[in-house]
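S.K.: We have chain A already, so just place chains B, C and D on it with the hints.
Protein chains in written order, with our numbering: chain A, 244 to 549; chain B, 658 to 953; chain C, 17 to 562; chain D, 169 to 728.
Everything labelled a hint here was simulated from the structure, so no lab data went into it. One thing to keep in mind: the hints can contain errors.
[Stated by the list, open to error] Pairs of lysine-lysine, DSBU-like flavour, derived with a Cα cap of 35 Å:
#	chain 1	residue 1	chain 2	residue 2
1	A	K245	D	K311
2	D	K363	D	K693
3	C	K511	C	K355
4	D	K693	B	K840
5	D	K340	A	K544
6	A	K282	C	K503
7	A	K402	C	K306
[To be verified] Pairwise CB distance ranges, derived in the manner of DEER restraints:
#	chain 1	residue 1	chain 2	residue 2	range
8	C	N390	B	E712	22 to 32 Å
9	C	N232	A	S411	23 to 33 Å
10	D	N706	B	R788	40 to 50 Å
11	A	S411	C	D451	45 to 55 Å
Everything numeric in this text was worked out from a predicted model, so none of it was measured. Just so it is clear, CB atoms sit at the ideal spot from N, CA and C, and this is done for glycine as well.
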Amino acid sequence: MKNFFISRLLQAIPTLFVIATLTFFMTRFAPGGPFDSDKAIPEEIKIKLQSHFGLNLPLFDQYLLYMKNLLAGDLGPSFKYVGWDVSELIQLAFPVSLSLGVSALLIALLIGLPAGMLAALRKNTWWDYLPMGIAMVGICLPSFVLGPILIMVFATKLKLLPALGWYSWTDLILPSLTLGLFYAAYVARLTRAGMLETLKQDYVRTARAKGASPGRVLVKHAMRGGLLPVVTYLGPAFAGLVSGSFIIESIFFIPGLGKFFVTAAFNRDYTVVLGTVLFYATLIIILNLLVDFLQAWLDPKAREQR
Amino acid sequence: MAGSESEGAAMSTKAGASLTRDAWIRLRSNRMALVSLILLALVVAFSFIGPLFCEYQYDEQNLDEQFLGPSKQHWFGTDSLGRDLFARTSYGGRISLAVGLLATSVSLLIGVTYGMVAGYVGGKTDAFLMRMVDILYSLPFTIFVILLMVLFGRNFLLLFLAIGAVEWLTMARITRAQTLNLKRAEFIESARALGFSHARILFHHILPNLLGPIIVYATLTVPAVMLLEAALSFLGLGVQAPMASWGSLIKEGAEKMDIAPWLILFPGLFFCLSLFCLNFIGDGLRDALDPKSSKD
Amino acid sequence: MHFIRKKSFHFACGLLAFGFLASCTAPSNVEKALDEQILHFGLGAEPQHLDPHLATSVAAHNILSALLEGLVGEDPKTLKPVPGAAESWKISEDKKTYTFYLRKNAKWHNGDPVTAQDFVYSYRRILTPSLGAQYASMLHVLKNAKSYHSGEKTWKEANVGVQAIDERTLELVLENQTPYFLELLNHYSWFPVHPPTIEKFGASEKMGTPWTKPGNFVGNGPFSLREHRINSVIEVRANPHYWDANLTQLSGIRFYPIETADTEERAFRTGFLHVTQSVSSDRIEYLQNKHPEWIHFEPYLGTYYYRFNVEAPPFDDLRVRKALSLSVNRKLLVEKVLKGGQLPAYCFTPPDTGGFTASDGFGYDPDQAKKLLNAYLKDHGLTKLPPIELNYNTSEGHKKVAEALQAMWKKALGIEIQLLNMEWKVFLSTISKGDYSLARAGWIGDYVDANTFLHLWRSGDGNNLTGWSNKEYDQALTQAERALNPKDRFTHFQKCEELLASEMPILPLYFYVHVSLRHPSVQGWYPTLLDHHPYKYVYLKGEVAK
Amino acid sequence: MSDVNIKGLKTFFHTREGVVKAVNDITFSIPPGEVVGLVGESGSGKSVTCHSLLQLLPSPPAQVEGGEIIFSGEDLLQAKEWRMRELRGKSISMIFQDPMSCLNPYMTVVEQVAEPLLIHKMASEEDAKQQAIDMLLRVGVNKIKERLNAYPHEFSGGMRQRAMIAMALITKPDLLLADEPTTALDVTVQAKILKLLKKLCAEIGSSVLFVSHDLGVVAEIADRVVVMYRGKVVEQNTTQELFRSPTHPYVKALIACRPTFTGNSEMLPTVEDFMGNPSPMPEKRKQVKKSDPPAENTEGWIKVRDLSVHFRQAKQGDVVKAVDQVSLTIPRGKTLGIVGESGSGKTTLGRAILRLTPITSGNVQWQDQDIASVQGKDLLAFRKKMQIIFQDPYASLNPRLTIEQALLEPMQVHRIGQSRKERVDRVVSLLEEVGLEPDYRRRYPHEFSGGQRQRICVARALSTEPEFIVCDECVSAMDVSVQAQVLNLLSQLQAARGLTYLFISHDLCVVKHIADEIAVMRAGKIVESGDAESICLNPQEKYTQELMDSIPSTSRTGTF
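With the rest of the complex left out, here is chain A (with noise of 0.2 Å):
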C-alpha cells in the first residue's frame, strides 16, 4: 500500500512536466501578448517590457529557463500584477477558492447525501420524486442563473445576507449554496444510485435474515458499499469546486483563484497561468490520491489490490 502511493506520487513527476510543457506551448501560441494594449506602445517600450520578463530570448530558451526556475519552486513573476510573484498570488487566492470549495463540498454532502438515501429508500414514491425533481433542476440550472436568483431573494429583496464580496464569513453563505447546489444535486443523485445496488446485494439480505432492523441495515450494512460511488465522485467534485468555481467568484466579486486564472488567461499573463494550471493539477492529483486513501479505508478490498 504504501510503494503504491510512493509510486502514484512519482508517476505525478512526468504528468506534471507533460502539462507544464503542453500549457507552455499553448499559452505562447496563443495570439496577442501580454502587453498588447488598446493604446498602442511604442515598439522600444515594447521591447523594454519583453526583457523585463525575458520574453525576448528564443522560444525554447524560455522554456528551459521556466523549467529550470520551475525544478527550483520558482513561478516566476506575474505579468499582469506588476510586483507580485505568481506563488504570492496562488497564496493569497487559494485559501479563498478553498474556503468555498469546503463549505460549498459541505452543503452538497449535507444536502445530498439525506436526500439521497431517503429518495432509495422510498423508491418511487413521493420521498423519492421530490428530492430527486429538485436535484434535476439543480443539475439543470446554470450558477449564474441561480446566483443572481438568490442574491434577488435573499440579498436585495429580503436583506439578509450580503450580495457580494469576501469580507465576513456571511460572504460565504450565497456563494457556496449557488456552487453547493449543483454537486448536492449530483451526489443526491449517486447516493440514491448507489444504495439502491447496495440494497440489491445478498448481503442485505443476510443482515434481514440475522434480524437487523432496517435502521441497522442501512447504517451497518448498506451504507458503506451505497456511498463508495460518492466517495469516488468526491475527488474529481473537489477539484472541480475548487477549479471550475470562476463563474461564482466573478458573480460574487470574490477574489478566489478560478478568477485569478480567468484574468490571467485573458491577459495573457502567462506565467499565472502556468502557476495556476500546474497548481491545478497538483491538488487533482493530491485530491485523487485522497480519494484513493478514503476507498482503501471504506473498502478492505480496495485496501489490497494496493
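M.R.: Below, chains B, C and D alone, put in the same frame as chain A:
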C-alpha cells in the same frame, strides 16, 4: 432462482425479439423516460420547425418594439433590440442541440475507439494509453477549454469539436472497462477460438455490446456539453452574434431578470426541459439496457 | 427508516437559519458610511500598477489621485488648475517657461517635505528609457525630453527642461507653446514619487519593485495606502500630514475592482457601493424610471467609432466607406440602442474639447449612400458586396451596437455583415496586424485638448492602424501644435476634421457619456469631462433610506 | 425445540409478463431435530419456499397468496414485521448459497459472526466477540485467532461458508434454513462442510431445512426428503424409502439420469423419458454406442509436452504456475477427461492447447506440428479444426446476434459453403443435429433456456467442422436432467462425426461417464492419469482417493 429450463420450454412462438427491442419495451414502460422522450421530441420539433410558425427572423430588429412582454404579436416577447424571442429561442435551440450533439459525437468517436483499443489490446499498450488519460484528467478542464477557446476562437464549430476532444476522457474510461469485461466473456473467447480477426471481433462483437453504456453516457454528455456552452457564453466565449444559443439567451436574460423576466423564462424553460428530459432518458436507458435491472 | 435524515435535515436548516439571523442585523456599507465617512467606490478593474510612472488605466488614476498630488490640483467642478503641491506658479512671456513655487507644508506621508528635487527625480525617472514607461511620451512637451527618453543622450547631455532652482522652486521649460500644459500636469505620469522609497526597494529604473505595496508606499496626496487585496479591495485612509488635511472630510475610501456592471449594480442596490463605474445599457431605462436619484449621466471625453481597413477591398474605395458611414442612423442608435444620453458623432473630436468644437462633417443620408455604393458596384461589375466581417472585442455593449449596425446596413444597403467577436487580446493582435476590414474602436482623451484625439491619424501613429495616411493632415496637425493662439489652433484642427470627414478612414458613431450609479448621500461630487473627482472635496451626508 | 408445519403455501410473483406461480400449494413439515432435504431443479420453487419462511422475498413482485407456516404454534405468515425481526437470526437462521456475495465485504468476519448476538441483545459487545471466535473455532476456522481483523475476501470459499454456518448457529436457533450451502464449493470441501453441518446441528438440536438441487448431497445429510417440481411437491418420504422405491416418475428420473461410477457408458436416461415427454431425436439415441475411432493415427494425435503456463499477478508480481510441466497425449476419436478442483489449472490447460493463452514453456503438437509456430492462413485452418465449448451458455453467445447470424459467421470466415443459401441450409441441418427446432434460428440467445443455448454453442462449434473440441465444464452449471441431455448429445456427435474431446470437469462422475481416459489435476500438475475405468475403480494416488471419497455415496452408486 428464476427457472430457465421450464421458462424456455414455454417460449412464445412470436418472432425473435432482439435486446434492443426488449430494451425499448422496458423503456416504454418507464413513464418518466417516455414522457421525457415525447417532451424532448417536442422541444426538437420546436427548434427545427418552430420558425415556420413565426413571421419574424431571429435577427430581425425593430427598435420601436424593445422589451415587449409576451403578446399575440410576439408570443415570447421581444428583447433589447426588439427582436422576437420566439424566433430566437427556437433558433437558439437548434444551435444548443447541435452543439451538444456534435461535441458528444466527437467525444464518442475518440473515446470509444481509444477505450476499445486500450481495453482489447491490454498489457503495456493499455497501461500507456490509460496513463495518457490520467494526465489529461489532471489538466484542469475549464482551463483547457478556455485555452482551446483562444486557439480556436474564430470558429464556433471548431470550438465544440475541441470540447468534444476534451470530453472523451470519461468515455474512454467507460469503454475500456466495458471492453475489458467483454474481452473475458466467453463469446469473445469462442470468437477467437473460431479464428475471427481482431477487427471483426472488435467491431462486430465488442462494439455492439458496448452500445448500451455508450448510449447512456452520451445522453448524459449532451446536457453536460450544453451546460458548458452556457458557461462559456457567460464568459462571452459563446456563439457569434446575432446568432443565439440557449446559453447566451439565458445569460442575457439573467442580467435583465427584474426588467424583462420573459427573457430568461422562455429560453430557460426550454433549456431546463431538454436537460431534464435528456437526464431522465439517460437514466431510463440505463435501466432498460441493464439486463440485471429489476423488473418491478 | 427516516430518523437519520430528519436529524441532519434539521441540523442543516438550523445552520442556515442561524446564518440568516446572525447577518440580519448588520447595517450596509452605505448606512455605516454616514458615521465613518468611508466612501465605497466601484473601481471597474484591478489596476495593473500603482506606480504612477508605469500605470496605464483609469482605475489606476482613481487610486493614484488619492495617494499622490501633482504640482497643480483640479477644481472639483471645472477641473481648472488650482494650487496643488505648488502654491503658485509663473508663466513666462513666450509661454514656454513655467516656474512653480512649492508650498512649505507640502509633506510626504512619512513627514518628509516635498521638494523641487523630488519632482526632478520623478520626471527623470519616468523619462529613463530602461524603465519602459508607457506614458513617458506625455512628458515630451518638456524641452529635450524626447532626446533623453529615446536614449540618444544622457540626462546631462540632453539638458531636459526640468530644473530645481532651489528646494521650493521648480522650473519647467517647454519645447513648444502648450496651452493645455497645466491641465496636463494632472495626469498621473506627472505625479511625483518619493525618491528614498523608490531607492529603498530597488533601482529607480526597475519596474515591479515592491515599493507600491501597502506599508511601503509613500505618497504626498490626501490619502495613504492602507490595504491592497488583489481582486478584492484597495483601501486608502485620510493622511494627516497632507497640507490640506483640514479640508478632507472622508476618513477613507475603499475601492472595489468589480468588473461586471451587473455585479456592480447588485452591489450598489444592497448598499455595498456608493458609486459604480458603469451601468449596463439595457438597464438604463429601467433605472431611470425606478431610481432617477441614483443614475447619473455625465459627458465624457471619448469617441466610439469603427475603423476601416483602407488597404483592402472594399474599403480601399472611399465610396464604400462613405456609403457605410452615411447610412448609419446615429440618432436612432443613440436613442434606441444606447439610451445613455450619448451624442451622435458627425466628427471625431468630442464637442468643446478644450474649447474646440468641430463642425459636422457629414450627416445621415441613406439615399446618397445607396448611390455611392451602386456606383462602386457598377465599377467593379458586382451586383452585391461580398459579406464583410465586423470585428469587435467580446462585450455585451459592443455586441449590441454591432448588431444594431448590422441590421441598419442590411436594411439601407443590403450589405451582409458578419459579426466576429473576439477575446480582447486576440482582437488587439488581429487589429494591429491589419487583419480586418471593419473593426470597433474607442478613444478616451488623456487631457482636455483636441490634440489628444487628432494625433491618432497622423501618419505612422501607433494607434492609427487603418493604413490611412495623408500629408496634408500631418501638416495641419503640426501647424496646430506650433500655433501661437487658440484661434489658429482651432482652424488647423478644423482642417484635420474636414480631411477625416472627406477621406473617412474611420466611422465615428457617438461621443461617450459616463453613466454611473451614485448614492444620494455622496456630496461634493460633480460631473467632469474626464471623470475626475478630487476626493478631498467629497463627503457623505444625508438620510439613508432603509 | 419446535417443529414447522407448512400447509398449502402459495407464493406467486407478479411480473410484467404475468403471474409466475413459483410455489403453488405445497405442504410438508419439519419435525424437531430432524434434517429435511428439499430437492428440485432450478425454478422448482425450493428457494422461494425457503425465503417465504423468513419472509425475505422482495414484495412486490413476490406475494404470498395463501397457506400457513406454523412455527412453534405461531403462523409466520400472519406475524408482523417486528415479530419476524425477532425470530430471524435468533429462532430461525439461514445459510445462503454464495458465501462471497452473502458476507458483507466491508465488515470483518468476526464482527459479522457476532452480529446476531448483538442484534438480539443476547450478549455484550465483548462477550459477543468472544463467542464468535469460539464459534468460528468450532466450525473449523482454525486460524481465526491470528486473523481477528480479516475480511471475507481474505478467506477461501470453504472458510467463508464455515463462517456463514458459524453466523447462523451462534444464536442456537431452533430451525436452520440452508439454501444450497455447498453448491459453490469443491467436492472435497463440500464433503467436509456437510459433515460439519450435520454434527453441529445435532449438537445444538436445531432442525434443518436443507435445500439443494443435488439429490446425492441431500441423501448424505437429510433424514427426510421433499422433492419439488414446478412449484409443487411431487413426493416426500424418508431418505432411504425415497431412494429405494421412488413412486413419482420425476423422482425416478432424477435418480436415474445422473451419471454414476457404476453405470455403463451408454446413453443416460432423461427426465422426459420418465415423464412421457419424448425428447428430441428419440429413435437415434438407442442405436448409439461408442463407435470405433478412425483407424489411422490414433496414438498421440495431440501431444502435450512439458507444458507450463505462468501468470504474473498484476499487483504483487508473484508468479502463479497455473499449468506446471504437464505432458499428455490425446488419441484421435477418443475423449480425454481432465478432473480437478477449482484452481487446479485444468481450464488453463485446455485454453493453452487451443492457443488461446500464451504458453510459458513446453509445446503442444497437433498432427506433428507445433501449434505455437502456426501462422496466418495455417492458423485459420488450425482454428477451424479445433473448437471449444464453455461452461456458461449464457455468456458464450453474443447477445446481439441471432442464432442464425452466430452460426453463419464462422462459415463466412472459414469460407464454408458457396452461397448464403447453402450456408443457411447448413445452419438448419446443424440445428437439427443438435436437437433444436430450426424455425427458432431467427431468435436471440436470451430467448432460449440454458440447455438449448448449450446446444446452440455445440452447433456453433460444429459449424466449422472441427475434429477436436475442448469441453470446458460444459455441463457443470446445469440441472441433472439437462446435463444428461447434453452429455448424450456429445456422445452422439462423437459417434457420428468421429470427434476427439478434451472434457474438462470438476465432477468425477460426469467425466467417468463420458471419457475414455482420465487425467487428475491438482495445483497445475497431473496427479494421476490412465484408463477411466481403472482410475475410478482403483485409484493409486491419495488425492484421487480423497476426491472419490468426497463424492456422496448415492451419487457414486446411484443407490442408497
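S.K.: Sort out which numbered hints this structure fails and list those numbers smallest first.
M.R.: 10
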